[in-house]
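Enquirer: Read off the chains here:
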Amino acid sequence: MRLLGKRPTWLYKQPVRWAFLAATIALLLSFPFWASRYWIDVGFYVGLYALLGLGLNVILGEVGLFNLGHAAFWALGAYTTAILNVRLGIPTLALLPLSALVAGGCAWLISSPIIHLRGDYLCIVTIALGEIVRLVLINNPAGLTGGPNGVIGIARPVFLGHVIRTPLDFYFLVWAMVALCAFALRQLQRSRIGRAWNYIREDEIAAEAMGVDVRSLKLLAFVLGAALAGLAGNIFAAKMRMVSPDSFTFMESCLMFCIVLLGGMGSIPGTILGAALVVLFPEIFRPVAQYRLLFFGLALAATMYFRPGGLWPRRRAVEFTAGRAARP
Amino acid sequence: MRNDIVLETQGITKRFRGLVAVDRFDIAVRAFTIHSLIGPNGAGKTTVFNVITGIYRPEEGKVLFQGQVLNGLKPHEILARGIARTFQNPRLFKNMTCLENTMAGQHAHGRAGFWSSILRLPHQRREEKKIQEQAGEWLHRLGLWPFRHELARNIPYGCQKLLELARALAAQPKVLLLDEPTCGLNESEKATMMNFIEGLPKEGITVLLVEHNMNVVMGLSDLITVMNYGKKIAEGTPEEIYNNPVVVEAYLGRGESNVVKSG
Amino acid sequence: MLTFIQQLLNGLTIGSFYAFVALGYSLIYAILKLINFAHGDLFGLGAYVGYTVFVYAFGVIGGALGLWGLLAVGFAAAALATAGAGLVIERVAYRPIYPIGRLPAVVSALGMAIFLSNLIMAVWGPRYLAYQESFIPTGFWQIGEFRIRILQVLILVSALVLLGILYFVVEKTTFGAAIRAAALDRETAALMGIDFLKVIRFAFAMGPALGAIAGVFVGMYYRQINFTMGWVYGLKAFTATIMGGIGNIPGAMVGGILLGLLEAMTAGYISAAWKDVFVFAALMLMLIFRPTGLLGEKVAEKV
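Chains as they are written, first to last, in this note's numbering: chain A, 1 to 328; chain B, 1001 to 1263; chain C, 2001 to 2303.
Just so you know, these hints were derived from the structure itself, not from any lab.
Misleading hints may appear alongside valid ones.
[Said to hold, decoys possible] Per the computed footprint, the stretches of chain B lying under chain A, defined by three or more beta-carbons under 8 Å from a beta-carbon of chain A, are: (1) 1019-1027; (2) 1073-1081; (3) 1107-1113; (4) 1192-1198.
Here the structure is a predicted model, which is why all the values come from computation and not from measurement.
Glycine residues also receive a C-beta, built at the ideal position from the N, C-alpha and C atoms.
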């Protein structure tokens, strides 16, 4: 904590935190009404990556499982939506929970045999997994995935008779999902499940010795994180109206990994901030388009040097003192 | 006599690539006593702990707890049965607060699931409150209450050892395995720790203790088992062990027995 | 039979590339326990430096020293430049961050990988560049129906020789003992008077240098290079490293060759489009059933 520098304590007083949250929500709600269409789209992508980041944050941030293939689950969600909508005509919005279910289910099947692997080994398996999924999509098994061209012609989602079509509609759709997920994950963080995830991250052997069912909880995190990526996949497919393997490269998995670490492991606001940075960085550096990723690489290294805990780390001590403290 | 034995190992053997760390080792811990396990460095004491708590699988032998075989159970299942432990070097959850660390002990006794946690259902809230209160109580008793909101890695070493004890006790164990609880503590911390351990059997907690400090062992133990090279070489009351030439020899080598007595 | 032998030869050649690159990963991982994600892009950088030397120095050096002289200069320049880049990256992006923690180091490594590949793109452009025939040994031997390219033999022999030398250095010399000691236990090694920095510098110079040689060979073999090649080969080579047993020099060699063979045989007999799926599936199976790799030892974790 000292490494991260001293901060004024008033920042962490409960009313200040609430005021800050309210201001953020107000900003996010009003943003599309004064921003241009282009920037509303940028806002949509911030939300999309925030959703992906929140999913990975459960796996990587809360439990400490190195997952560098998260784009695979995103792809599974997107292709589930695309294929079922185009082939069977199931409404896109109805596929939202189903995409999450398919991504989560696949995550369960795949991760069961590998979940015991530690650190870098898991990292490599997940990279391999991401590549396998992408290559399978390119190879067009049984003519389902449409090969390198992907699947086109996904219907627009319809919500209570209202067709979701404009950037504004999608902006609200994705941010509503982000808000919902952030809330649910916040509740989990403050429960025995969230704590147990953190125990595993801090010391797996001690966690197990203290009665934490490490295997089941790791699987739960993996499946939950993948399911959130599946949700993001559905929204992405609906927005683009097409999916292709190019969208789900290793680079995307890397970006998600960086979102979580830039923001701060296990920090929900941090993850959203990380998503904003990763999406906005190329936008801000658009004038030097050719070099922007070059700077991005440098910025990653620099951030890890100056703020190794991330830009907005979770502050447990503060949470307790500011919130409900235990008084026996 | 036999039916008050709460924890027992029968002929457990653990090998590491040909090296026999524990060799057909038997120990029987009677309920509500403090039983010490001593021996020179590398005698296999910690390995016995790791076998009992399910971290290692023994090649041979059985571990019995209240007459039930524990072999094949995972560490978390063994804790849920009522055996908690501490580690030689504290293995705390370093980036979490002391309160959260202590709450870990309660994890196995909690029931709240995924959805009830997200929705904060009434039974989940009640359970959370109970977990926090229990943890807070142990922090109070071990004098760690002022540190409750500090991260575990920021508190002094002596407090970390106490915190590990608090965490294990919060699991409401029937048997507590302590791996060198006074190692690295100063004299006053040592006294606090000893006093506390001494009172545990009265609260219904049986203690199996690994310790190097002979003052601690002699002062606390009801029974002492001595091991060397993975085998049991002696067993008896502190008095008997103190006067046992085999033990003295194991510690100091042949012909030096007078040194231990004068010291 | 003809297919088999051709694929065998292809597999051995590709496997040599992987082995070269795998060594860099393995050396650095053994010492720092860090997956150097930038390593693949250092390999790419080597290919580009070699290309530049060949193109711009063709007239001068080629005239004075002939083709083989040109090749020697090209390889040396690529190896030196890339070793230098490796050292700079270690100094700037890893050394300050490594003590902080492993995850920040992983992110920094990813950052460097992104930086390097984009640097290559910024300098040499995003399009494919062609290695011209004039600076590639194009000869071959015809034995019956088989055609063995001199280049293939050159690649195989240099892989064997260079990796043999490296193996000798690590296993038989005093400095090698220092490397192995540092890999086993950094702190104890430091207490025994081993200069840890020197060991790290060796790894960060040697690994990229070998990678650069592979990069130039890849350019000659396939005749074209692209700024994304670092990532493709890097991932495969890392797979090879894991297959052979990470931190193990003969393991990296065996893993690389095996991976090359697996790839060539799947491409030859099953389907070229699915070969990478097989490769990665093999990796996953390997990690499930023998996580320490083919030549790795099984170690019980000390609690």
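Enquirer: Hint compliance check: list the failing hint numbers for this structure, sorted ascending.
Expert: 1, 4
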